[in-house]
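Following the hints, put chain F in place on chain A, whose structure we already have.
First to last, the sequence lines map onto chains A and F. For what it's worth, my numbering labels the leading residue of the first sequence as 135, then goes sequentially. For what it's worth, my numbering labels the leading residue of the second sequence as 470, then goes sequentially.
Hints in this document: simulated from the structure, not taken from any laboratory. Among these hints, one or two may not hold up.
Result set (DSBU-like, lysine-lysine): computed pairs, CA atoms no more than 30 Å apart in a straight line [unchecked claim]:
{"id": "1", "chain 1": "F", "residue 1": "Lys-608", "chain 2": "A", "residue 2": "Lys-429"}
{"id": "2", "chain 1": "F", "residue 1": "Lys-618", "chain 2": "A", "residue 2": "Lys-191"}
{"id": "3", "chain 1": "F", "residue 1": "Lys-757", "chain 2": "A", "residue 2": "Lys-205"}
{"id": "4", "chain 1": "A", "residue 1": "Lys-205", "chain 2": "F", "residue 2": "Lys-821"}
{"id": "5", "chain 1": "F", "residue 1": "Lys-1147", "chain 2": "F", "residue 2": "Lys-1163"}
{"id": "6", "chain 1": "A", "residue 1": "Lys-239", "chain 2": "A", "residue 2": "Lys-191"}
{"id": "7", "chain 1": "F", "residue 1": "Lys-685", "chain 2": "F", "residue 2": "Lys-608"}
{"id": "8", "chain 1": "F", "residue 1": "Lys-618", "chain 2": "A", "residue 2": "Lys-429"}
{"id": "9", "chain 1": "F", "residue 1": "Lys-786", "chain 2": "F", "residue 2": "Lys-804"}
{"id": "10", "chain 1": "F", "residue 1": "Lys-567", "chain 2": "A", "residue 2": "Lys-205"}
{"id": "11", "chain 1": "F", "residue 1": "Lys-496", "chain 2": "A", "residue 2": "Lys-239"}
{"id": "12", "chain 1": "F", "residue 1": "Lys-786", "chain 2": "A", "residue 2": "Lys-383"}
{"id": "13", "chain 1": "F", "residue 1": "Lys-814", "chain 2": "A", "residue 2": "Lys-205"}
{"id": "14", "chain 1": "A", "residue 1": "Lys-382", "chain 2": "F", "residue 2": "Lys-618"}
{"id": "15", "chain 1": "A", "residue 1": "Lys-239", "chain 2": "F", "residue 2": "Lys-685"}
{"id": "16", "chain 1": "A", "residue 1": "Lys-239", "chain 2": "F", "residue 2": "Lys-786"}
{"id": "17", "chain 1": "F", "residue 1": "Lys-567", "chain 2": "F", "residue 2": "Lys-540"}
{"id": "18", "chain 1": "F", "residue 1": "Lys-804", "chain 2": "A", "residue 2": "Lys-239"}
{"id": "19", "chain 1": "F", "residue 1": "Lys-608", "chain 2": "A", "residue 2": "Lys-191"}
{"id": "20", "chain 1": "A", "residue 1": "Lys-239", "chain 2": "F", "residue 2": "Lys-608"}
{"id": "21", "chain 1": "F", "residue 1": "Lys-680", "chain 2": "F", "residue 2": "Lys-496"}
{"id": "22", "chain 1": "F", "residue 1": "Lys-1115", "chain 2": "F", "residue 2": "Lys-1136"}
Listed here are the chains, written in short residue letters.
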Amino acid sequence: MDSLPPHMRPERSFQGLILTLQRYWADYGCVILQPYDMEVGAGTFHPATTLRALGPKRWNAAYVQPSRRPKDGRYGENPNRLQHYYQFQVILKPSPPDIQDLYLKSLAAIGVDAALHDIRFVEDDWESPTLGAWGLGWECWCDGMEVSQFTYFQQVAGVECAPVAGELTYGLERLAMYVQGVDRVYDLNFNGREGAEKVTYGDVFLQAEQEYSRHNFEHSDTAMLFEQFKMAEGACRKYLEAGWDSDKKERHLMALPAYDQCIKASHVFNLLDARGVISVTERQSYILRVRELAKACGEAWVHTEAGGV
Amino acid sequence: MPDLLLELFSEEIPARMQAKAADDLRKMVTDKLVAEGLVYEGAKAFATPRRLALTVHGIPARQPDLKDERKGPKVGAPDAAVQGFLKATGLKSLDEAKIQKDPKKGDFYIALIEKTGRPAIDVIAEILPVIVRTFPWPKSMRWGERSAKPGALQWVRPLHSIIATFGMETEDPDVVAFDVAGIEAGQVTRGHRFMAPAEFSVRRFEDYEAKLFDAKVVLDSQRRKDIILADAKELAFAQGYELVEDQVLLDEVSGLVEWPVVLMGSFDEDFLSIPGEVIRATIRNNQKCFVVNDPKTGKLANRFILVANIEASDGGKAIVAGNERVIRARLSDAKFFYDTDLKTKLEDRLPKFEQIVFHEKLGTQAERIARIERLAAEIAPLVVPTAQGAEKEKLVEKAKRAARLAKADLLTEVVGEFPEVQGLMGKYYAQTQGEDASVAQAIEDHYKPQGPNDRVPSDPVAIAVALADKIDTLVGFWAIDEKPTGSKDPYALRRAALGVIRLVVENEKRVGLQQRFAFAAEELLSVGTSHPIMDRNKLPFDLLSFFADRLKVQLRDQGARHDLVDAVFALGGQDDLLMVVRRVEALGKFLDTDDGKNLLAGTKRASNILAIEEKKDKRAFDGAPDASLYKDDTEAALAFMIAAVKSEASIAVANEDFTFAMSAMAKLRPAVDAFFDKVKVNDDDPKVRENRLKLLNEIRAATRAVADFSKIQD
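Just chain A, same shape as in the assembly:
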């Protein structure tokens, strides 16, 4: 790492941080994937986590996933909250016995010295009602700041994980703010250059935060979104039904396209929720509908080749 030019160093640039984590996990043997090309609420939704966590096959992967949480938009005015941000996701199946050490070494790689900082594993059990998933683990604290989520998946899409996968999720902006010593996310140095060449996180994303906040809270076309939700739900069911190779339902041939529609429905629901057009009681039923899709996709996936058939 010492051979890195200054602008590539993880404590100097946002992209340097990402590259360092990618290199670290690539070196461990992970498949380094690119982000999934759909809108998702978290890195967990990427089929490389949700679906690959199921079934008996080994699977080690890492990737950056842009995550959208329409409700968290603050028109670019809050120093920490964003409706679009990046997660760095690592999934290791089965969870290796030294997974905590691997994680701590990854922190060391990005410049967090465990002899200098107070690193802690604080109970935080993870549950995703829309994915029908849960696991036990921790928030990882560095000097009182939560920098990662660490979860041993027990169940995903309603299916027991066998074997269990370990999931690490780094909040990249927070981590970058920490190692760069910056208090406002938009002040992050993105490209590691200084002076006229410097590009900040704000240069890249501030306008987007403002525009999407307007969209998410005020202007998104709710009639269209309600329609889209129904269509995605319908399509998901249709693909799931059509994907079985025979009436015996021994093999499924379209789990991935069906799951895309589940992701779609989930994001559309988040947009509707941000607009405040879903009442408290309806909210539960929407979450349940997405969960039913996720469960059916999980069931289909375990009947595919990658799912272990």
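Chain F alone, transformed into the frame defined by chain A:
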């Protein structure tokens, strides 16, 4: 005798589970030892974030030998019975059995089973894996390769190693040989995750604890707590501050570190414009740090105390700086929430309550608030009975205003973030928007008292709203038949009832409850529920008997006699709790006197005789006795005293002077005693007998002016 050392070393155990886990481990192991005949001398269990440990000392090296005699079938019994006997006792043939002579019933076989005790270490090796596999974690998980197969070990977080050694102090102990899910018990552990990660070997508890300490692990959580508390106090004191002690936080923090290092940080003084409780909630809940006071002002200072898990190479500078940044961001959020909240008046938030369901059968929050407002207006004049005219109107208006605004802070950002400051924030927002001081205070206090140790509000407005809130809750859940049962009380109705009792009794307020219950039930029918509710004529009585029970519990906790509560409630119509309590007190004192005891005995005697004779004659003996039938002087004297005492006691009761009523009762005693001494109730002349029974009935009736003596235990 040998000792056992056990350590279960895992990834980080949630702080909130550690204490119970240590206790469970001790109990499970020692219970099993005792069940196996291994009676030990002592045991102690420990928990840190990464380990559960147990030492049991003074375990016998072997189980005691057991001798058992088992009776078998008769000599000559059918073969099936014989085979069953052999199988059950483990004998090879009947030759190994003894024959017991029995001339009456016939000879039968007896098996003498001698079981030699096994070495304790073998028994322990069988016990421990079972305990690990069945350990009662509130939540447990699977992990790693082995989780692919069914029946994989479950633990709170991945379990990495086990120490189990057994042996005498003077010798090298043996490793208890067992394995669980591929983890073999041994005698190796590790120290602090960062400061002493190397493996090391231990022999027994003494060197285990000492070596851990050298490896930067304080095993005993109480010791960690002591260190944190002492260091935090000292650090605060050295800088001229005073630690705000917080036991719950201390318990939690001590479960997050193996090697506590206490440090102090600061935040911008500007944040002190946020209410102190919010600062504390932010710093405590999110950052698990302590706050400190400035002893000169008694208010929060812009400092906080954090507990790190490491002696950092720079003395903690980076750790403090990092925590300061997080706290700054958190306080910025809190300040933003607070400032945002201040922009909206409390009443402007109310329409939103129309969309929020309080309980599906009890309508919306808006409906509930409307009910509480009307009930508070109804109760307020009872709280200050002397208030008349304009003063009374003003009081009622304040109570209504406070009731209307009391719940509004539930919709604020700060309370959304920190539910524990509900009420308190409402008070601050009310003060800022210029509400009357009692109205603002009532908003905070209407939730009180929350339990037996919580403060009871004393301002009349607060009392009225607090009572209205609780009575609406009680009547509501009573109406839809969601009463507490056994240990289940999801809506905290027992606490609400106790709250009503304390509000009324400690403030010495006269509030007839049945009428309020009826009023609240009517309100519920008009606003809030379209669901069928419990018979509204029955509800006030049913709920009142719940109060009688709560009052009994309350008095019993205070060491008073709860049977006296029954004796008073049995009079009927007793729904003024203050009067009930006063009467119980006076009655208790009276019964401590000789007069009281004897009168009670006399009254009971009268009651018993009456009960028998009433049954015999199948009639009651009520009505005035006939003076012309008195044969003995004591009869006339008793009749005279009854009449005198009755009127005196009734007047005293009407004046609510129960002590005086009791002393009036005392005068009855000599007359009753003399009557029973001299007179035979069941006289041969039926008319005289009837007249005397009527007199007895009069005694009973007279005492009912103060209590139903038949409910009092001797």
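Do the hints match the structure? See the list:
1. F/Lys-608 with A/Lys-429: The hint holds at about 23 Å.
2. F/Lys-618 with A/Lys-191: With Cα atoms ~13 Å apart, F/Lys-618 and A/Lys-191 stay inside 30 Å; holds.
3. F/Lys-757 with A/Lys-205: It holds: about 27 Å lies between the C-alpha atoms, which stays within 30 Å.
4. A/Lys-205 with F/Lys-821: 19 Å, holds
5. F/Lys-1147 with F/Lys-1163: 17 Å, holds
6. A/Lys-239 with A/Lys-191: Roughly 26 Å between the alpha carbons, so the hint for A/Lys-239 and A/Lys-191 holds.
7. F/Lys-685 with F/Lys-608: With a Cα-Cα distance of about 29 Å, the restraint between F/Lys-685 and F/Lys-608 holds, given a limit of 30 Å.
8. F/Lys-618 with A/Lys-429: 22 Å, holds
9. F/Lys-786 with F/Lys-804: Holds, because 26 Å separates the two Cα atoms, which is no more than 30 Å.
10. F/Lys-567 with A/Lys-205: 84 Å, violated
11. F/Lys-496 with A/Lys-239: 39 Å, violated
12. F/Lys-786 with A/Lys-383: 62 Å, violated
13. F/Lys-814 with A/Lys-205: With a Cα-Cα distance of about 25 Å, the restraint between F/Lys-814 and A/Lys-205 holds, given a limit of 30 Å.
14. A/Lys-382 with F/Lys-618: With Cα atoms ~25 Å apart, A/Lys-382 and F/Lys-618 stay inside 30 Å; holds.
15. A/Lys-239 with F/Lys-685: Holds, because 21 Å separates the two Cα atoms, which is no more than 30 Å.
16. A/Lys-239 with F/Lys-786: Distance of about 22 Å is within 30 Å: holds.
17. F/Lys-567 with F/Lys-540: 10 Å, holds
18. F/Lys-804 with A/Lys-239: 37 Å, violated
19. F/Lys-608 with A/Lys-191: 26 Å, holds
20. A/Lys-239 with F/Lys-608: 28 Å, holds
21. F/Lys-680 with F/Lys-496: 26 Å, holds
22. F/Lys-1115 with F/Lys-1136: 11 Å, holds
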